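K.L.:
As given, the protein sequences belong to chains A and B, one line each in that order.
Mapping the first sequence onto numbering that gives the first Met the number 0, position 830 (from 1) lands on 829, and the numbers just tick up by one.
Mapping the second sequence onto numbering that gives the first Met the number 0, position 76 (from 1) lands on 75, and the numbers just tick up by one.
Calculated directly from the structure, the hints in this document are not laboratory data.
Treat the hints with care, as some may be off.
SDA-like cross-link-like pairs, simulated, lysine to any residue; straight-line CA separation at most 20 Å [to be verified]:
#, chain 1, residue 1, chain 2, residue 2
1, B, K74, A, D22
2, A, K307, A, P170
3, A, K11, B, M72
4, B, K41, A, L39
5, A, K254, A, Y188
Since the model is a prediction, treat every value here as computed from it, not as a measurement.
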Amino acid sequence: MFTLENAVRAWKRNLAKDQNLEDTYIRELEAVLRDEVADLVRMGASEEEAFGRASAAMGETREIGREFAKVRSPLGRGRGLRFLPALPASYVRLALRKIRRQKGYSAVNIAGLAIGLACCLLITLWISAELDYDRFHAKSDRLFQVLAHGTNPNNPSNPILLGPFLESGVPEIERAVRYEGLGSSLVRYGEKILPGVSVQAVDPGFFQVLSFPFSKGDPASALEDPSHIVIGADMASALFGEDDPLGKTLFIDNKSFLVAGVMQPIPKRSTVEFDAAVHFRHRLLALEADGIKPSWGVWSANTFILAKPGVSAASLSAKIENVVKDNDPGEDARLSVIPFRERRLFFTNIRQYLTLFAAVAAFILVMACLNFINMSTARAALKAREIGIRKVSGANRGNLVAQYLGESLALSLLASLLAVGLARLALPWFNTLSTTRISLEAGRFLPAILELALVAGIGAGLYPAVLLSSFKPAQVLRGRLGSSGKGAGLRRGLVVFQFGLTILLMIGTAAVDKQLRYIRNKDLGYDRDRLLAVSLPGESRSRIEVLKETLLREGAVAQITGTAAGMANLSWSSGTADWPGRNPSFEVLTFNNYVDWDFQETFGTALRSGRFFSRDFPADGEGYVINEAFERLMGSGSAVGKTLTYWKRTGPIIGVLKDFHFQSLQSQIQPLVLMLRPEQANLCYLKIPEGDRPAALERIGTVWKKVMPEYPFQYRFMDESLDTFYRTVRQTGRMADTFTILAVFIACLGLLSLASFMTERRAREVSIRKVMGASTPSILLLLTRELAGGVLLANVIAWPAAYFIMNNWLEQFAYRATLGAGIFALSAAAALILALLTIGVQTLKTALRPPASALRTE
Amino acid sequence: MSSDTLVAASTKPIILFLLLSGESYGYQILQRVRSVSGGTMKWSSAMLYPVLRRMEKEGLIVAEWRVSEENRMRKYYKLTTAGRRELAVEQARWIDVMKAMKKIWATAGTAD
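One chain only, chain A, in its complex shape (with noise of 0.2 Å):
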């Protein structure tokens, strides 16, 4: 039977269908069609022919859709708009009710994601603090650093005449400046005495070139007289206090320097440091009283070029690539340029550090973000009756993927102010343990967590936005979605991933700790132990023989010997060394080192063949006493008695060391030359007897007070000073395994939500089960197989690229570690224990259960 409401109702529903038709044009037509029905009935037509009048005049859907076309809302398709907020306020507002209803499943999520956040933001900020060396020179574009190939790579001395030359003969170039410590100086003023000074010997335009900035004085001037110095923030408030220092004289070493410039502190972010600075002809003055005639076969200067606007590295490495060839016809060594601001890169291994943190970053970003996957799709089927309802009342796919990934990015916001926090609270922390100094300055991190949080809030929302919005709504609504399918296929994949990256960082983590420990008992081949390195500061070198005599006769020292570098971490090298039978064409980088006749006895190395210098030779100032690398390179057979002719004089072999290590284990063992010059001592080592280190230390430092009462006893135990070069070793340990702790954290709240939630849905099968004769033991293994076996196959996937990725870090180290099973295994076993732990708590809570209470609930 004919009612005008059902009739309006189909004609409305009619209209419905085309997708032109929004819901208030929809409700503006029926308006009008009742208006015109109403008229019709007046005049006395019956309501069913008066519908079908009205509703004829109004025209055929189609006709009627295509003139709304041409006005038709740019937002959003069709009549979804009426059931889902057009605004991404609406879809926060809606996301915030659902966090406030479900707060366990928000907090994991939250929690999970801000810690990865935070520790992404801190990372990230470490990150592009390290970048940001070296670039607050004002032309650091144009400013680079002169290096040799053919000599050691990590030691950037160019000929001492390099500068000089490139300024005045390449036309690209706009200044060339030479810089060179003068090693470790006791600055004195008055009564004042500053000892362990680091004095750099620059040329005048130095301060022109680089941007250290002066508190007092003028840069370009400064150092234009030779006898001018200028000296850093720190010496100048130590020496002068409140007075100013400009015109003030002080003395090194005894010579006398006028002040003529005072620098602010360096900048943070500086690869050169020093206390003060000298005009180069210093240096110059030192070699010539050395007995050094300054010459292209003198390498110690570095040299850092300012070039005109516009030249490339290239194209300067081009221009300059055969100068020392050109000068020295002797010298095979081509030179090139690197960007002064990439010194940090080059001269570390940082860039390998940062690369494995951003690594380690992404990993803990991507494992937050599959726990928010995880659960979101987990509660997939408690979502689809919401979701098919929606699709039924005309909610379209578009609608409900910006719906929930409003929700994801809703929940990435407050996830990111919470790490911003969690940030704040860590940064004292995380400075300690990175070394660095960064600060959460809001120009910086504002830009990154936003990022990051919208990143995680697209990366993590993505996925279940299009799977939940994929449903079919007649499916869903009987009921038909189980919780197998894709959905819980994805869930059982993504915790095998995030526990493969966890394993793999713990892998990782494990293998770091392993090489520190490696380091530290290996084997030197000299006896580091009781060995300490005391520096002799400017006229106390003269005085050497008096201290040795006084300490050896006081028994305050075992062995004492003075060298000319530290042996630590030996850095002087030469290309050429030469001797008869040497193949031409073979470039021999060598290292060297000058020192006394007691130097074997004093470190313990062993003796290969022939012998030590002597006393009792004292011809033995002409001869060479090399290693076994060395000898090696020299081809078959004993090298005593061979001749040698390095740095251009020639002498007898006496002597083969057997190897010791005299640089980082990160290098081979390289050739060694050792010459007799006690005179050259820079600094010596004393060996202490065994027993009481504080007593002996104390009698030391009464002699030394004897014999050098103007010079502080200044000293360093070799177990210190090459601990030092592992501290980015170290410290990188220290932060992976944090890290990692993080990481698997957020693994394991991933791990429990994922859990709790799986044991609530099989509630009612545990029940029936129990109730059935299932005893406890056995719904325990039911409910914990699945996940174990996750977490078990994703040690599968991890040890692998575990394997490929730690073997090629320790490749950089000639002496290393090795991986070994037990790592491996270890790994294995507390990721099985952690994942157990994780959910087996509340496992048990549902094995435990009465059958009757989940029976009754569901």
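Knowing the structure of chain A, use the given hints to seat chain B on it.
P.N.:
Same frame as chain A, but now just chain B:
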């Protein structure tokens, strides 16, 4: 110009004119157009509402849903100040056109 185009061009000034005397709703506007034109112009709802929506967007009219005396929901349209200004412009434009057309017909006679 096709007759459809001519009708389309005239809808806006006509609606503006009809709303000048006070607020009105869709069905009433359709009826008044029919009566003003002596039944020669028959607008459909499908044609009217998109135009109303566009004019709303242009700020020429404002609309409001209210319950009518017959206890039904109706959307009432009202002219804005901008709408009044627009009407004056449209009026001037159409008067110019009509003057020109009158002159043309006077000199050329009728088409047949």
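K.L.:
Hint by hint, note whether the structure agrees.
P.N.:
Hint by hint, here is what the structure shows:
| no. | hint | result |
| --- | --- | --- |
| 1 | B/K74 to A/D22 | holds (14 Å) |
| 2 | A/K307 to A/P170 | holds (8 Å) |
| 3 | A/K11 to B/M72 | holds (15 Å) |
| 4 | B/K41 to A/L39 | holds (17 Å) |
| 5 | A/K254 to A/Y188 | holds (11 Å) |
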